[in-house]
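Chains as they are written, first to last, in the numbering used here: chain A, 1 to 548; chain B, 1 to 548.
It should be emphasised that the hints constitute simulated quantities derived from the structure, not laboratory data. Some hints here could point you the wrong way.
Said to hold, decoys possible - Far from chain B by the CB rule (all over 10 Å, computed), these chain A residues: (1) V143; (2) F151; (3) H373; (4) Y386; (5) H409; (6) A438.
What the hints assert, rightly or not - Estimated spans, in silico, between C-beta atoms of each pair: (7) B:S73 / A:V235: 24 to 34 Å; (8) B:Y247 / A:L145: 35 to 45 Å; (9) A:S73 / B:Y247: 27 to 37 Å; (10) B:K48 / A:M218: 47 to 57 Å; (11) B:N78 / A:H373: 36 to 46 Å.
Fair warning: this is a prediction, and the values are worked out from it, not measured in the lab. Built from N, CA and C at the ideal position, the CB exists for glycine as well.
What follows is the residue order along each chain.
Protein chains: 2
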Amino acid sequence: MGSENEISPADAHRAPPGKEQQAAGVGILLQIMMLVLSFVLGHVLRRKKIYIIPEASASLLIGLIVGVLANISDTETNIRAWFNFHEEFFFLFLLPPIIFQSGFSLAPKPFFSNFGAIVTFAIFGTFLASIVTGVLVYVGGLVFLMYKLPFVECLMFGALISATDPVTVLSIFQELGTDVNLYALVFGESVLNDAMAISLYRTMSLVRNNPSGQNFFMVVVRFLETFVGSLSTGVGVGFTSALLFKYAGLDIDNLQNLESCLFVLFPYFSYMLSEGLGLSGIVSILFTGIVMKHYAYSNLSQSSQRFVSAFFELISSLAETFIFIYMGFDIAMEKHSWSHVGFIFFSIIFIIIARAANVFSCAYLVNLVRPAHRKIPAKHQKALWYSGLRGAMAFALALQSIHDLPEGHGQTIFTATTAIVVLTVLLIGGSTGNMLEALEVIGGDTHSDSSLASVGPITNYGGNNGYVAPSYEEEEEESSSSGNKIKMKLKELHKSAASFTALDRNYLTPFFTSQNGEEDEEAEPLNSSRSSFTSSRSGFHGQSPYSS
Amino acid sequence: MGSENEISPADAHRAPPGKEQQAAGVGILLQIMMLVLSFVLGHVLRRKKIYIIPEASASLLIGLIVGVLANISDTETNIRAWFNFHEEFFFLFLLPPIIFQSGFSLAPKPFFSNFGAIVTFAIFGTFLASIVTGVLVYVGGLVFLMYKLPFVECLMFGALISATDPVTVLSIFQELGTDVNLYALVFGESVLNDAMAISLYRTMSLVRNNPSGQNFFMVVVRFLETFVGSLSTGVGVGFTSALLFKYAGLDIDNLQNLESCLFVLFPYFSYMLSEGLGLSGIVSILFTGIVMKHYAYSNLSQSSQRFVSAFFELISSLAETFIFIYMGFDIAMEKHSWSHVGFIFFSIIFIIIARAANVFSCAYLVNLVRPAHRKIPAKHQKALWYSGLRGAMAFALALQSIHDLPEGHGQTIFTATTAIVVLTVLLIGGSTGNMLEALEVIGGDTHSDSSLASVGPITNYGGNNGYVAPSYEEEEEESSSSGNKIKMKLKELHKSAASFTALDRNYLTPFFTSQNGEEDEEAEPLNSSRSSFTSSRSGFHGQSPYSS
């Protein structure tokens, strides 16, 4: 312990070999301590049922406090260097496990039964919210209400600020046990809209760098190209892995190390393949996660199944917690331009409006095609509107915008985003519990009498793993009676989702897995993994109220 | 897919945001592909029982080939940047899991019964080998046999080149099933001497930077200070974790996520604490591994036990394979100074001599104190001598020496080390199987008749988990009959190891674990983890021939 001081004299004329490493050691040590503190604090808070400070808020606050202390105490710069939020590190190493885990922990039934609605919210809704925010900010600038940004930059800001955070609210939803359908909507939307926001941001950024020869149509085409390309890549890698694990015969006894190694490498492979092709890694890895869980996972040996679920959960928990700490710390360290408080204030108002435009218009569209007993009730729409807090994705993109945009513009966007992230995480995160109680959407299938009566007949719940199976025959009848054209189109889309379920059962599952398409069989290993390693954090997975 | 080309035109006047990330994507993608290839190739080679190319050689060759291809094909520099061997990355992220896993997977019985010998080989022996190599290289320079280096730099080279690799040979040993005691010696020595070599290297590097006011005595004191400090830190963290897991009550059902998270963070905490204090992280994490396995591990819930063993094994397998690939790639990319072929040639001869000095003199010392039936037989000594191949640690330190030393010196040391690493990994790694057969040390407790008869009475094997329990009473008698002074001293040391076993059983185990000091109880969860996730790579752990 004393040797630290003894070594120091040598530093004067030349940095000795161990010196940077020592700084790195201290930096990483602090990070580990904050991680441990967050985990323990989060645990204690959850135990004591204090929902005002969810784990994400706790991590953010810990990061903020340590950051402020480090600022005051004038820490050495080479230790500080270990805390700067590097977008590259975020996008390459912290984000992939979280998004993969989101896809991997997805309980397919509630997700797919709400698939149409989720896609509407995430893709059309996020697009709408981005445009609305962008236009409002631009108009706000034009009428001297706030700092004036060029139109493309307003759209970039709109895109990055439309990414809602999938971590914080969901952990509370899960803790309190909300309605399954609401949970599926919030979960699906927040995961998919991250992918959407990053794609939009990058597209806008390309438009900005090369404004000539770009028209709106081309932008949309390019965006769709990227999205579809990434989705195909992700699904393709997922199916490849399923076939590999089906036929390579690695599930015999002493090859499980190899099996787990390969399984763990696939998601990352998908992410990097997509990024390498200039597509969106986050979209790919999300779909790789869904496909791998649905097909490849059941081809693993039982012990590997148990291991990989626990592994991905651990890695994503660490990454999630780390992101909030890291963000808190960086917010305290980074220089901000507080000169544009107006910008922050009005952009908060605008994102609330944009979020409302997203949720209520999409809900209206979705309700057009849904049968009466499956319409999204108003209180669910309100909950969805409320739960749009902003997290790490918005922060990381805002940090990137500092490099992408001219000095003042990037700084303003970054400061505004930072403020929005901190406010929404602390305020919305802290009040979600009360909001859910006020809206009476707590207690999915357990107290279904009060909250779910409005959604559908109670008999559909419980027996069928707690979700309403879409009854397509019924819908068809209805659609023929109402001659609305949009409604018809939307219903066709809806039907294609139903035919997907049939396709899955009859062709995909038998082809890609060693099973015969009986889904109950697949559910079993999942159950065993649940009991061995349970999370109360992300996804449906874990002892959530939905596993009935 | 086509969008990659579409995006390119925009790059010309400004690097777009996705561009560096795309390069990173391609770089990491290549790395993952090489990893997968290595795993699969290693698996196939092992299945076909081709011991001429062990997994490490395969990885090294894959890295070399891809590196040469990348050199020829003139890859973009920002993709290449992802392949440069960064010592910082190696020391902070790749090395810790490997060393921890070495300690964690240590079967305590054979290790502790040979503890005296292992420490002698690793500490005294490595010290001796470093000095011998250093002096010979210095003398070689003086008589114009080879490139002339200053004396301190010769000692630095001696230190770094004395680190033997714990991965390659051991995987073959395990595959073929060698004698338990030989395995314990090779394993223990190669793990501990990495720690020793890095400590020596750093000490020498400090001496070099601050030559005034340093005498030999001070250097030894500082070295011991570092070593003892690091050891205490590691053991301290290990014991702390044991107490935490004993009393925190995290082994109940739905806290296992938290439990695993914390368990996984502790080793890294130990490493960084040590580095932050200016001590040796590698020594700390090794002992944290040993202590955590021995005490903390048994306080975990069963499912967490299963998970953490599999987790550490996975992480260390990935890190190991990655290191060899990375090293191969870097060797192909880095510029070398081949002008001093003489230096390479003679240093190879010198390290063979130094290794002989290490092994045979230490074996002589050890045999002085051991009773007749436990002496290290000549063929084990030869096997130990032969198995001293050099790996990633030597490479990483040599790479560091480029920064630490003046231009020509660092380059020469680096090139020589590179050549030695490649030659020893490929030649020694490839011929270990034949060597073991020639020395007739194959088949530990299964064909004990032929190979183990010389070590001890067969009755001691088999029943007692395949290792010879040291019989201290017997020794004491002997020591009183021989009046040799050194022998007496050494025996006292030896006895202290015995009293440690008693201390462990009577005080440490009951205090730090939830058990009552019955070691058989502790062995059980280990067995269950074996069946669930088996490695044939590092450590005693796994379905090795020793689990009888």
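| query | For H409 of chain A, which was marked as not at the interface, is the minimum beta-carbon distance to chain B over 10 Å? | reply | Its Cβ never comes within 10 Å of chain B, the nearest being 14 Å, so this holds.
| Falls inside 36 to 46 Å, the C-beta gap from N78 of chain B to H373 of chain A? | 56 Å, violated
| Is it true that K48 of chain B and M218 of chain A lie within 47 to 57 Å of each other by Cβ? | 54 Å, holds
| task | Decide, holds or violated, for the assertion that all CB atoms of chain B are farther than 10 Å from the CB of H373 of chain A. | result | Correct as stated: the minimum Cβ-Cβ distance to chain B is 34 Å, above 10 Å.
| request: May I ask you to test the hint 27 to 37 Å on the CB atoms belonging to S73 of chain A and Y247 of chain B? | output: Given a distance of about 33 Å, which is inside 27 to 37 Å, the answer is holds.
| For Y386 of chain A, is the shortest beta carbon distance to chain B beyond 10 Å? | Label holds. Min Cβ-Cβ 28 Å, cutoff 10 Å.
| query | Is it the case that V143 of chain A keeps its Cβ farther than 10 Å from each residue Cβ in chain B? | reply | Correct as stated: the minimum Cβ-Cβ distance to chain B is 30 Å, above 10 Å.
| request: Would you check whether the claim that A438 of chain A is not at the interface survives, using Cβ distances to chain B and the 10 Å cut-off? | output: 28 Å, holds
| said: Given the hint of 35 to 45 Å, is the C-beta distance from Y247 of chain B to L145 of chain A inside that range or not? | reply: For L145 of chain A against Y247 of chain B, whose Cβ atoms are near 58 Å apart, the range 35 to 45 Å is violated.
| message | The output says F151 of chain A does not contact chain B. Does that hold with a beta carbon cutoff of 10 Å? | response | 18 Å, holds
| field | S73 of chain B versus V235 of chain A beta-carbon gap, inside 24 to 34 Å or not | value | Holds, at about 31 Å.
The structure does not agree with the numbered hints 8, 11 stated previously, though it agrees with the rest.
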